[in-house]
Structure formats: C-alpha cells, structure tokens
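The hints should help you fit chains B, C, D, E and F onto chain A, whose structure is shown.
Protein chains: 6
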Amino acid sequence: MSVDRYQKGIEYLEKMNPDSFKILKKELEDVAPDMARYVAEFAYGDIYSRPGLDFKTRELVTIAAITTLGCAQTQLKSHIHGALNAGCTPQEIIEVIIQMAVYAGFPKALNGLYSADEVFTERNEKLDE
Amino acid sequence: MSVDRYQKGIEYLEKMNPDSFKILKKELEDVAPDMARYVAEFAYGDIYSRPGLDFKTRELVTIAAITTLGCAQTQLKSHIHGALNAGCTPQEIIEVIIQMAVYAGFPKALNGLYSADEVFTERNEKLDE
Amino acid sequence: MSVDRYQKGIEYLEKMNPDSFKILKKELEDVAPDMARYVAEFAYGDIYSRPGLDFKTRELVTIAAITTLGCAQTQLKSHIHGALNAGCTPQEIIEVIIQMAVYAGFPKALNGLYSADEVFTERNEKLDE
Amino acid sequence: MSVDRYQKGIEYLEKMNPDSFKILKKELEDVAPDMARYVAEFAYGDIYSRPGLDFKTRELVTIAAITTLGCAQTQLKSHIHGALNAGCTPQEIIEVIIQMAVYAGFPKALNGLYSADEVFTERNEKLDE
Amino acid sequence: MSVDRYQKGIEYLEKMNPDSFKILKKELEDVAPDMARYVAEFAYGDIYSRPGLDFKTRELVTIAAITTLGCAQTQLKSHIHGALNAGCTPQEIIEVIIQMAVYAGFPKALNGLYSADEVFTERNEKLDE
Amino acid sequence: MSVDRYQKGIEYLEKMNPDSFKILKKELEDVAPDMARYVAEFAYGDIYSRPGLDFKTRELVTIAAITTLGCAQTQLKSHIHGALNAGCTPQEIIEVIIQMAVYAGFPKALNGLYSADEVFTERNEKLDE
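Protein chains in written order, with the numbering used here: chain A, 74 to 202; chain B, 74 to 202; chain C, 74 to 202; chain D, 74 to 202; chain E, 74 to 202; chain F, 74 to 202.
For the record, the hints were derived by calculation from the structure and aren't laboratory data.
Please read these numbers as outputs of a predicted model, since none were measured by experiment.
By construction, the Cβ of each residue, glycine as well, lies at the ideal position given by its N, Cα and C atoms.
Do not take every clue at face value.
Pair by pair, the computed Cβ-Cβ distance ranges are [to be verified]:
1) D92(D) to L200(F): 23 to 29 Å
2) D201(C) to T147(B): 35 to 41 Å
3) D77(E) to D127(D): 39 to 45 Å
4) E191(C) to D92(A): 45 to 51 Å
5) D127(F) to D103(B): 23 to 29 Å
6) T147(D) to D127(F): 42 to 48 Å
7) K99(B) to P91(D): 26 to 32 Å
8) K95(B) to E195(A): 28 to 34 Å
Using 20 Å as the maximum straight-line C-alpha spacing, the simulated SDA-like pairs for lysine to any residue come out as follows [what the hints assert, rightly or not]:
9) K98(D) to D190(F)
10) K199(E) to P124(B)
11) K95(C) to H154(C)
Over 10 Å on every C-beta distance to chain E, these chain F residues come out as not near it, computed from the model [said to hold, decoys possible]:
12) R78
13) P91
14) D92
15) I96
16) Q146
17) F193
For reference, chain A alone in the conformation it holds in the complex (with noise of 0.2 Å):
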C-alpha cells in the first residue's frame, strides 16, 4: 500500500535527516506538495529502504551523484547533513568529494568540499577525530 511506502520513507527520514524533510514539506507547500510525497515514498520509501547496500554507503554515493551533478548545493548539503546522520565521518564523506576531482573535474569536486566545510562549520564537526 501507498501508506506504507509513505511511512517507509517518513521512518528512514526521521532517522536520517528529519530538519531536511521539514523544511522540504513547507517549501513545496503551496507550489507541489505531491513531490514532498514522492521524495517520501518513492526515493526513501522505495530505493533508500531497498536492503543490499546500508544506510552509509547510500548516502556516499549520493554525495557522489550530486557532487557530479555540480548544480544542486542544497541537496548537496542536505545529504552531507545524512551521511553525518548515518554514521559517516566527516573524513569519509571528504574522501568520496576529493574522489570526484577524477570524474567530474576538479570545480564540481571543489564547490562540493565548501558545501561539506559550511555543513561540517555549521554541526562544529571536526575532520580527523
């Protein structure tokens, strides 16, 4: 059932990156409130819920995907915030940008480390600790 999709995806947020769905579900409000529920149900619901691959690794290779895509900072930040959330350490979650240099080029690599630096500047996270 649809609710349970919803719900799937409502739980894996609440673990992993409640401020983010909030803030989401208020912006799309008044524009398309359908596409909050379809971040709930079909990308956590649906794909982050999958099991094969833990909640850590999900969230890398979405910093991965989004460092490539060089133009979705927010989301960016947002799944820095996740990856946090989940475990990773800052260091890893640097390791996986720095990696990007190779296969986006070095200006999308960079733009994602100062989203990571204000991310991590904002919680006070310390690399290497």
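Positioned in the frame of chain A, the structure of chains B, C, D, E and F alone reads:
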C-alpha cells in the same frame, strides 16, 4: 617521488583492475601516453590510495559518479569490474545504480544497469548469491 | 495500493509504447527486475498519469529533457515512438528537438534529430503530412 | 533580411516576455551587445517564430530543457514568466517540472519547483484556478 | 541579409571542414533541412566569422566544449578535423583534451582522446612532427 | 619529485593567478588541504606546465570548458582573471564565451558573459581597447 606515485597507482590497479589499465595504456600509447601515466599517478596513486575510505566504497562512489555522467559506458564497465574485484557483490553494484534513478534520472540509471548486465554476463556473475 | 500504481502505469504504457516496456522488462529481468516495476509504478503510474497535462505535451517535454541529457539515445527513440503514438506529428517532434539547439547546444540537438530520423524511417513517417 | 529576423524576434519577445529582454539587453550592453541581438534574431526570430509548434508548448519544452540543465535558474524563471504570459497555467508548468524528476533526477526538479514558486509568488499566481 | 550569413558560413565551412557539412546536409535533408541552414548561418556565418579570435583558437575551444559535453563524439571528431584543417597540430589538440581531465574529469578526457586517435589514424597524422 | 611538481605548479600560479590560489588554500585548509596541493601539483604542475600549448590558449580552453559545465561561476571568474593575466584581451574571452552558445546553449553562455562582466568591471577592463 613521482616514481612512487606511479608505483603506488600501478599496485592498486594490479589488484583491482589489471586488464583495464593494460588496455588503456595500449589505447593511449600512440596518442597520449602521458594520460595513462596520469591515470596511474593521480587517479590511483594519489586519490584511490588515500586512507580514509575502503576500496569497495571507492569503487561504488565512482560507479555512482560515472552513471551520473551518463556518457562513459566504457569507464563504467571498467569500474564495475573493479568493484567486483574489490569484493563488492553484484547486488551492491545494482543498488547503487538503481539509486541513481533518484539523483540522475531514469535514463542514465537504465543505461548503467545495461552496462552492469553486460559485465555480469561476461563474468558469469549471478545476483543474490 | 501499489498494484493500482503498477496497473495505472501499465495501462498508460500499453496505450503509448507497449513494445518499449516489454523490451525494457526483458532487458532488466536478470539484472534489476524492480527497476522495470519502478518505471511502470513511478514514472508512468505516478507521474505521467497525473492530470493537468495532456499525453502529447508530456511526451514532448520528455523529448526536450532527454535531448538535453544528450546521452540516452535509446530512451530518446523510445519517447519519439511514444510521442507519435500519442498523436504528435513528426513536425512537432522535430520542432522540439530543433529548439534544443538554443538551450542545450547544437551537438545535442543534431544527435536528437538523427534519432528522430531513425524512428521516422523505421515507421515510414513523413514530415509535413 | 537580418532586420526582419531581429524584428520578428522582438515582436515575439514583446508579446511573451518584454521585461526579460529589456533586462538582458541592459545587462549585456557593456560586455557583449551582439549576444542580445543573437537572442532576438536566432532564438526568437529564427526558432520560436517557426510554425509547427504553438507558443505555449515552446515555453513548456524550454522549461523542461532548462530544468534539466539545472544551472540556469535566472533563465528558468524568465521562461516560467514567458509560459504564464503565453497562457500556460501554473499547474501545467508545475507538471512539466515534476516530470523532470524522472528524467533529470529529483535535485534538479526540486530546484525547478523553487524557481516556479518564486515566480508564482511574485506574480501572485495561484495553483488550481 | 540572410543570404550573406549563409554564404559567409559556407565559405568558412568550405575552408575548414567541407566534407562534414556535406554529410550533415545530406543527413538532415529528410528530417530537418533548416537545421543544416542554421549551422551554416548561425554557428559559422554569425559566430565563427566574428573577428576577435583566430580560426585555430575557435576550433580548440570548441574541442574543449564538446569534450566537456562528453556525449557528442561525431561532432568532436568533426571539429578535430576542423582544427587540423585550420592548422592546429595534433599535439595542440591532444593538449586541449588532456587538460579537460582537470575540468570535465578523466572519463570524458579519455573518450576525447580515443576520438582524436581515430581521426589522426584516419588522416595518418603523427604526433610530434 | 613531488616537490618539483608542487613547485612548478606554484610558479605557474604565481604568474597567472596568485590571489585565487591563496584564497583556495585558505578556503580548503580546514576541510581538505590536500586538495589545494592537488590543484598546484596536478592541474598546474602536471597539466598547465606541459609544453605544446601556450598559456593564453590554455586559459581560453578552460574558460570554454567551465562555461560548458555551467555550474562553477567562482572557478570561471578565477580563470577569466587568469586569462587576462596571461595576456588575453577582454574581447578574446568574450568571443570564447559567445561561441559557447553554439555548443553548450544560450543559458550557459549568458551566465558566462555575466561572470566576465563582473570580472571586467572589478578590474576596470574595457572591451575593444
């Protein structure tokens, strides 16, 4: 020393994907032999060899990035080989590529799955085993 | 219920592009059968089935998007079939792709036109009729 | 004659989005005045003025393309204005952008929706009316 | 006058890459003959014919751009021919494409080098001569 | 030796764009100091320092590439500074970016021109002098 970076890269490549580097070197020998050297020195010697992220995760985030690029199926297949050689299961690779439907769109995710299917068939890899 | 979403998607696909979904399902059955289900459920059952935009326009904006991606000619050709099946004229499809020269650049627009040419030839579609 | 192409383009722009062209011309007058001329002559005089596709659909496929680019929010907002001026409803615009989640991924679709929200708020446009 | 723009474009193309325009015109004659005209008029008659940048540099920056797109190997090869016809050495072309590893990532640079290798082999061009 | 690569890169950067590397190093010192080193060693020490292409052309092809990426305005502006420092005229830079309308589409070319305008204004550079 530069020799060390090359050596470190080659050692990594020998373990992870020896054939693909041999092919690359051969393909580039007439047109840009330095480029094969940069792949060994920079991509593998500098970046992949960094501590802070295990080999399996490095291959999975690369698969995410190249699926998102959408236009480099040769390199994608080479890293699917690399991920399998690093000990990733076919299922983990498939999970990463399916997840790209959310971040890079369905067409790129589908093309990534076709590339994975080709590699799995070639190596006689089975899902869920 | 999820069955309804799948059913709605399949009904849409039966009307618009039955062959391409059969091919997709066959191609994915060994590697990622869930992905074919997501195409039916999410792409067609959730999104294409939404009221508020007619089928013809949905196919034309998809053609614009995939031409802009530039790296998914199989999916582009599938949606050119879909657009024709939805009642778009060859001319309307060509107009969309030509217009992409302005937004995505000439190389991607040219490659889109080659794909359109292949589909029109295969179906014996003529322009301006 | 080139004058005709410019004139045709300007007439189109006067109808569809007069302010945005005035702003564009002003912005480019010191750095690349010819570029504003090419926008009028080529993009509007040559392409948008072609028969075979109505103005509304031209704006909707442009919105699909720019949402897929993902990095041109100024131009996206300008074409959301254009689409509304051409007679598209807010709902039709939202449908196009939501559909881009399937083809360009969720992050680009979300950023497209935020741009639409800004334009609708500025113009006091309401959905579903 | 439009005739002049077409004429100017054709003259440029005759000098730089006569075969590729003939092929293009032939390929588009059934599907979008106007598009070949726009290539001559706009791309070559308006843009390439502008003073302020020599032909060789125009071809090299185009090679950089198409390598960065990553999905238009036919057009890339056509401009590698154009660059050679304009007097660029094979080495200069290779330098531009190698440099794209930094800005567009290694996979796109590698695919650019393969295209260059095909063109050089076809024309029997040697590096370092 | 690696020291040489770094040294070579720094020498290049000192000549071409000393401020931007100082800023980069400062920005990355808490989050990924190695990344600044890779910029100096690989991007400048290995690639830009290669013989076979002059500095001016290297900056112009980089401007073409980053305009085509479309999402890295900070890096684009840094290389517009670099191009001017290398002796390119404002007009040559503008020509490259205008030409990107053909290969990357008008929205990315326009955004590139806005970045150029900002840099020229900041440096009080005039076109056509």
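Structure-based check of all given hints:
no., hint, verdict
1, D92(D) to L200(F): 23 to 29 Å, "holds, 26 Å"
2, D201(C) to T147(B): 35 to 41 Å, "holds, 40 Å"
3, D77(E) to D127(D): 39 to 45 Å, "violated, 32 Å"
4, E191(C) to D92(A): 45 to 51 Å, "holds, 48 Å"
5, D127(F) to D103(B): 23 to 29 Å, "holds, 24 Å"
6, T147(D) to D127(F): 42 to 48 Å, "violated, 34 Å"
7, K99(B) to P91(D): 26 to 32 Å, "violated, 59 Å"
8, K95(B) to E195(A): 28 to 34 Å, "violated, 46 Å"
9, K98(D) to D190(F), "holds, 13 Å"
10, K199(E) to P124(B), "violated, 41 Å"
11, K95(C) to H154(C), "holds, 14 Å"
12, R78, "holds, 14 Å"
13, P91, "holds, 19 Å"
14, D92, "holds, 20 Å"
15, I96, "holds, 18 Å"
16, Q146, "holds, 14 Å"
17, F193, "holds, 15 Å"
Checked against the numbered hints given earlier, the structure breaks hints 3, 6, 7, 8 and 10 and satisfies all the rest.
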